[in-house]
Amino acid sequence: QQQVKQSPQSLIVQKGGISIINCAYENTAFDYFPWYQQFPGKGPALLIAIRPDVSEKKEGRFTISFNKSAKQFSLHIMDSQPGDSATYFCAASGTGGSRLTFGEGTQLTVNP
Amino acid sequence: KAGVTQTPRYLIKTRGQQVTLSCSPISGHRSVSWYQQTPGQGLQFLFEYFSETQRNKGNFPGRFSGRQFSNSRSEMNVSTLELGDSALYLCASSFTQGTGETQYFGPGTRLLVL
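Chains D and C, in that order, are what the protein sequence lines are. Per this note's numbering, the first sequence starts with residue 1, numbered consecutively. Per this note's numbering, the second sequence starts with residue 1001, numbered consecutively.
Bound-form chain D, shown alone:
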């Protein structure tokens, strides 16, 4: 009930391409869905987040698409750059707490 499933586990994209990472959740009490980016040796950093009252949120090259009925959300990285190479985690929280339930992570490699 608390799980967040993330795919793919790894992704290789050419520079300028679109990177797409998908997540699915089970707990309908979740009402906040952030994406975190983590570089080696660093802690995760918030990239973009969405609430279920909107279906899409865009910030620069990063877009979250949210499908409440399917309980799925995805991250799209447009014009992917080598500097985007990192591990990406989707997460979810709800019911009044700050506790984040994370997906398994996706290692993104953008080739020059």
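Simulated from the structure, these hints should not be mistaken for laboratory data. Keep in mind that a hint or two might mislead.
As the list claims (entries may be wrong) - Straight-line alpha carbon distances no greater than 30 Å define the calculated DSS-like cross-link-like pairs of lysine-lysine that follow:
1. D:Lys58 x D:Lys5
2. C:Lys1057 x D:Lys42
3. C:Lys1057 x D:Lys5
4. D:Lys68 x C:Lys1057
5. D:Lys42 x C:Lys1013
Given the coordinates of chain D, assemble chain C onto it according to the supplied hints.
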């Protein structure tokens, strides 16, 4: 504004020992959460503190404990260390407690249990 700081950054212990990790949140932040990150289990929530009180706890054994001080700094303790406790321990702070509060992570403490 300084970010979340964690000390020490690296630690090597042997089985059966105990360890204390420290976290200083961003100035003004009152909520501190701890997570364990391993290659096999990913990022797992340990516990959350707000105003010196534990508000939420993950599914970890009682060997894992924590506390928060009046200045919002937090410590977590692991007693009777096991090999499987080897992990990156991450601390995250937020201004207050609640869904939607942006959590800012520190660089983590990498613990190796031999």
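Item to check | Hint numbers not upheld by this structure, sorted from lowest to highest | outcome: Checked against the structure, no hint fails, so every one of them is satisfied.
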